[in-house]
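Please work from the sequences and hints to get the whole structure.
Heads up: the sequence shown begins at 2 in the numbering used here, then just goes up one per residue.
It is worth saying that the hints were derived from the structure and are not from the lab.
Below 16 Å or equal to it, Euclidean Cα-Cα: the simulated EDC-like pairs (lysine to aspartate or glutamate) are: (1) LYS273 <-> ASP312; (2) LYS273 <-> ASP290; (3) LYS273 <-> ASP314.
Label pairs and their calculated CB-CB ranges: (4) ILE388 <-> ILE409: 32 to 40 Å; (5) ILE409 <-> GLU320: 23 to 31 Å; (6) GLU62 <-> GLY250: 54 to 62 Å; (7) LEU305 <-> HIS233: 18 to 26 Å; (8) ARG136 <-> ILE409: 53 to 61 Å; (9) ARG333 <-> GLU225: 29 to 37 Å; (10) THR285 <-> GLY386: 49 to 57 Å; (11) PRO227 <-> ASP319: 32 to 40 Å; (12) GLU225 <-> GLU16: 16 to 24 Å; (13) ASP28 <-> ILE409: 43 to 51 Å.
All values derive from a computational prediction rather than experimental measurement. Positions of the beta carbon are idealized from the N, C-alpha and C atoms, including for glycine.
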Amino acid sequence: MGEFRMPSLGADMDEGTLVSWLVAVGDRVTRGDIVAVVQTEKSDIEVEVFETGQVAELLVEPGTTVEVGTPLARIDSGSTATTSRGPEPTPGSQSEARPVPRPVPAASPARRHAGRVLSPLVRRDARRLGIDLGRVRPAPDGTIHRDDIAAAVPAARPTRRRVSPYARRLAMEGSIDVSTLSGTGPSGAVVARDVPGAAPAAAKRTVDPMRTAIARTMERSNREIPHYYLSHTVDMAATVEALAAHNDGRSPRDRVLLAALELRAVALAARKVDEMNGSWVDGTFVPGDGVHVATIVALRGGGLLAPVIRDADRLDADETMRSLGDVVERARRGALRSSELSGATITVTNLGEDGVEAIFGVIHPPQVAIVGFGGLVERPVVAQGRIVAHPTLTVTLAADHRATDGRIGGRFLARVAALLRSPERLL
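Have a look at this one:
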């Protein structure tokens with residue numbers, strides 16, 4: 002009899018809250034199936050099972066907060082020797098499992114509605130807001146998420162007065178029907194101060210759980226990791242020209258962005274200079290079992306997530322672009338799987354679109370490096386004996402001085418720069 006446990010989704014996670022079960026006792030599950038929704042301080046995450054079998058018991062009620070490693074369910078896989086633990090927790094972040102003494106009744110599993118896959122939370126939100134599920138556009142796999150329900154509200158009620166997005170979010174969180182509220186905003190719009198329980202506009206804003214989690218991780222990083230920083234400015238003229246030729250005639254959907262080449266350059270360099278690819282655990286460097294690159298994604302509602310692209314060094318430019326676009330899109334609508342938020346061996350961050358020329362990142366423990374990319378900037382360079390203006394890119398490395406030194410970091414950064422100057426090696 003295997004056990005399905007609360008997974009660890011990063012070094013900063015000690016506990017999680019079970020939001021809902023998407024399976025019932027007696028259901029057959031296959032490795033990779035989504036079986037539950039877990040709430041962390043950063044996001045609601047769909048959690049998959051890592052073995053095949055039949056659900057024998059559900060041990061934790063929705064709404065219960067338990068430590069990482071706590072058994073959530075038992076899976077009868079025909080063998081008593083296996084345990085479903087989800088992604089392997091980061092060493093040092095695993096809390097001792099706290100057993101829950103009694104089984105609970107099965108919650109409603111995810112059901113199909115006219116070809117759409119709906120979780121209990123989605124059905125509840127749709128009922129409360131009066132949304133016709135037939136009018137909600139699902140994801141390509143047929144799944145409708147909570148963000149899709151929220152986005153459908155204005156379309157479902159076109160004749161009603163306006164409601165600010167922040168007021169609508171406050172109302173949803175408090176299970177309040179916005180149609181019952183009186184608006185005091187422009188043209189009678191409902192704004193945050195109109196929602197019962199909302200803080201006055203002048204009141205100090207409390208820090209949300211995601212920002213608290215980010216703060217805790219960054220504090221730990223700066224407290225424990227002796228950072229050193231290196232930077233390199235790369236002449237990108239050849240690569241920009243080659244990328245434009247590569248994308249010529251392609252639809253916008255099929256074009257490769259510079260961000261994909263940046264990620265690919267880091268992955269290939271990390272494979273070669275493998276001292277940068279891994280974790281610092283219990284006083285020693287642990288090499289990665291592959292090159293698994295996390296990419297920082299800014300969420301539209303605020304906060305950050307770092308989904309992981311696994312074995313990124315094995316992907317070509319088009320595959321990297323598809324993987325990058327996929328995880329960014331799903332991160333922003335809250336549809337990442339638990340396995341996509343753990344196991345990174347190096348991180349990439351990019352603020353070029355925000356007009357930033359250089360970024361000096363903070364390492365996400367227990368990783369030992371983060372690579373930052375600014376935007377393209379026209380600078381004077383010497384080419385064939387003449388001073389000309391070329392697009393340039395500043396690449397920075399923040400690395401853990403316990404694991405490497407400046408010589409190794411310089412070798413890694415030089416390899417990243419060489420790859421970025423050689424489009425034939427990236428495209």
